[in-house]
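Colleague: Sequence:
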Amino acid sequence: MAALPVYTWRLAPDGLATRRQLRAKGLRPGGQDVVAQIERPRYRRSPLVAYLYRIDTAKPVRPMTPAKQAALDKANQARRTCPQCRTDAGYVIPAQLGVCVPCAYPDDEQRAA
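Residue numbering for the sequence shown follows this note's numbering, beginning at 937 and increasing consecutively.
Check the hints yourself; a few may be wrong.
Said to hold, decoys possible - With a straight-line Cα cutoff of 30 Å, these simulated DSSO-like cross-link-like pairs (lysine-lysine) come out: (1) Lys1004 / Lys961; (2) Lys995 / Lys1010; (3) Lys1010 / Lys961; (4) Lys961 / Lys995.
Unchecked claim - So the derived label-pair ranges between C-beta atoms look like this: (5) Ala939 / Lys1004: 31 to 41 Å; (6) Ser982 / Leu947: 18 to 28 Å; (7) Ala1040 / Tyr943: 43 to 53 Å; (8) Pro996 / Val971: 31 to 41 Å; (9) Gly951 / Arg978: 35 to 45 Å; (10) Gln957 / Pro983: 14 to 24 Å; (11) Thr954 / Lys1010: 29 to 39 Å; (12) Val942 / Gly962: 39 to 49 Å; (13) Arg946 / Thr1023: 41 to 51 Å; (14) Arg980 / Asn1012: 22 to 32 Å; (15) Gly951 / Met1000: 48 to 58 Å; (16) Val971 / Val1028: 32 to 42 Å.
Quick caveat, the hints were computed from the structure, so don't treat them as lab data. We put the CB at the ideal spot given by N, CA and C, even for glycine.
Input sequences plus hints: build the corresponding full structure.
Modeller: This is the structure:
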């Protein structure tokens, strides 16, 4: 197996992109192998590594189907529903709290009134 070319941060040649960069252009790797990597040095830690793919062989992102959209909407609704008071909080409930903010801090609401 051949070693991948390694480029330093911001010095990768044109025509290569990370997954996020491909996604921003409406593309996906499409099964192609990694062709290179970028390393970003960090102080006293191992470097950050990002894998690069060829832009010219990338494929367009698959369109969202109605079934996928419905499943995504249902999952997001579940993340917004408070398990204690069963109301839509209007935001994604923080995992640390596990419930909406008024249920987590009921005393603050009484003081404000």
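Colleague: Decide, hint by hint, whether the structure agrees.
Modeller: Consistency of the hints with the structure:
no.: 1; hint: Lys1004 / Lys961; in the structure: 21 Å, holds
no.: 2; hint: Lys995 / Lys1010; in the structure: 28 Å, holds
no.: 3; hint: Lys1010 / Lys961; in the structure: 27 Å, holds
no.: 4; hint: Lys961 / Lys995; in the structure: 11 Å, holds
no.: 5; hint: Ala939 / Lys1004: 31 to 41 Å; in the structure: 38 Å, holds
no.: 6; hint: Ser982 / Leu947: 18 to 28 Å; in the structure: 19 Å, holds
no.: 7; hint: Ala1040 / Tyr943: 43 to 53 Å; in the structure: 47 Å, holds
no.: 8; hint: Pro996 / Val971: 31 to 41 Å; in the structure: 19 Å, violated
no.: 9; hint: Gly951 / Arg978: 35 to 45 Å; in the structure: 27 Å, violated
no.: 10; hint: Gln957 / Pro983: 14 to 24 Å; in the structure: 19 Å, holds
no.: 11; hint: Thr954 / Lys1010: 29 to 39 Å; in the structure: 31 Å, holds
no.: 12; hint: Val942 / Gly962: 39 to 49 Å; in the structure: 28 Å, violated
no.: 13; hint: Arg946 / Thr1023: 41 to 51 Å; in the structure: 47 Å, holds
no.: 14; hint: Arg980 / Asn1012: 22 to 32 Å; in the structure: 39 Å, violated
no.: 15; hint: Gly951 / Met1000: 48 to 58 Å; in the structure: 28 Å, violated
no.: 16; hint: Val971 / Val1028: 32 to 42 Å; in the structure: 36 Å, holds
Hint violations for this structure: numbers 8, 9, 12, 14 and 15, all remaining hints satisfied.
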